[in-house]
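J.: So the protein lines, in turn, are chains A and B.
For the first sequence, my numbering begins at 1 and goes up steadily by one.
For the second sequence, my numbering begins at 1 and goes up steadily by one.
Where hints are given, some of them may not hold.
No distinction is drawn between identical chains; accordingly, a pair holds when it is met within one copy or between any pair of copies.
[As the list claims (entries may be wrong)] Within a straight-line C-alpha distance of at most 25 Å, the following computed BS3-like cross-link-like pairs (lysine-lysine) qualify: (1) Lys94 <-> Lys40; (2) Lys36 <-> Lys13; (3) Lys40 <-> Lys84; (4) Lys36 <-> Lys17; (5) Lys68 <-> Lys13; (6) Lys68 <-> Lys94; (7) Lys13 <-> Lys40; (8) Lys84 <-> Lys36; (9) Lys17 <-> Lys68; (10) Lys84 <-> Lys94; (11) Lys36 <-> Lys92; (12) Lys92 <-> Lys40.
FYI, nobody ran anything at the bench for these hints, they're computed from the structure.
Number of protein chains: 2
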Amino acid sequence: MGEVINSSIEGYKDLLKSFIETQDERSLYGVEMMSKSFLKNNILPEEIVDMHIQALEELYPELSQEVKHSMNFLLEAMISYGIKQQEIQSLKEKQF
Amino acid sequence: MGEVINSSIEGYKDLLKSFIETQDERSLYGVEMMSKSFLKNNILPEEIVDMHIQALEELYPELSQEVKHSMNFLLEAMISYGIKQQEIQSLKEKQF
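Bound conformation, chain A alone (with noise of 0.2 Å):
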């Protein structure tokens, strides 16, 4: 899980950038791609939250310190839906 993540930041990151300069819909047609490939490789969207803070902080060095603690919060929404989603697999590991 961990390797997907990594492989995936700098792609997020390019397409993030992309996104924001332009708001194009190619941008969002790659993110959707990408969000279901991170769904199909389980990875937690809390770990998609903390690739987006990493990604912010790449490309914006001077981004706001309430923006960080901000998206420090979002990720720790997401836990549940990260718990819920391992409690599947797992369930899922087991019957077969």
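Fit chain B to the given chain A structure using the hints.
T.: Below, chain B without anything else, positioned relative to chain A:
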């Protein structure tokens, strides 16, 4: 579902403000509880991101366009997770 989100925005915004200002454990515990309640009420991950954007814009009306665009991008990255959650919910409803 819409009602749960609408009545939660103020609470979420207050907790977020408190966390940004103090980074205290109490706010993190609060959002952890809120996260469980959102999941129980079948709120989708992208709806949480959407609520986060709204709260952040209300707290910081001067929020940069870059951050706003980036949050819309993150929302898009969560959509597959929401679709999956709805599929699971729909299967559950068929079973009972």
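J.: All the hints need checking, so say for each whether the structure fits it.
T.: Results for each hint:
no.	hint	verdict
1	Lys94 <-> Lys40	both (18 Å within a copy, 24 Å between copies)
2	Lys36 <-> Lys13	within (17 Å within a copy, 30 Å between copies)
3	Lys40 <-> Lys84	both (15 Å within a copy, 10 Å between copies)
4	Lys36 <-> Lys17	within (20 Å within a copy, 32 Å between copies)
5	Lys68 <-> Lys13	both (16 Å within a copy, 16 Å between copies)
6	Lys68 <-> Lys94	neither (39 Å within a copy, 42 Å between copies)
7	Lys13 <-> Lys40	within (20 Å within a copy, 32 Å between copies)
8	Lys84 <-> Lys36	both (18 Å within a copy, 10 Å between copies)
9	Lys17 <-> Lys68	both (17 Å within a copy, 13 Å between copies)
10	Lys84 <-> Lys94	both (16 Å within a copy, 20 Å between copies)
11	Lys36 <-> Lys92	both (18 Å within a copy, 22 Å between copies)
12	Lys92 <-> Lys40	both (13 Å within a copy, 21 Å between copies)
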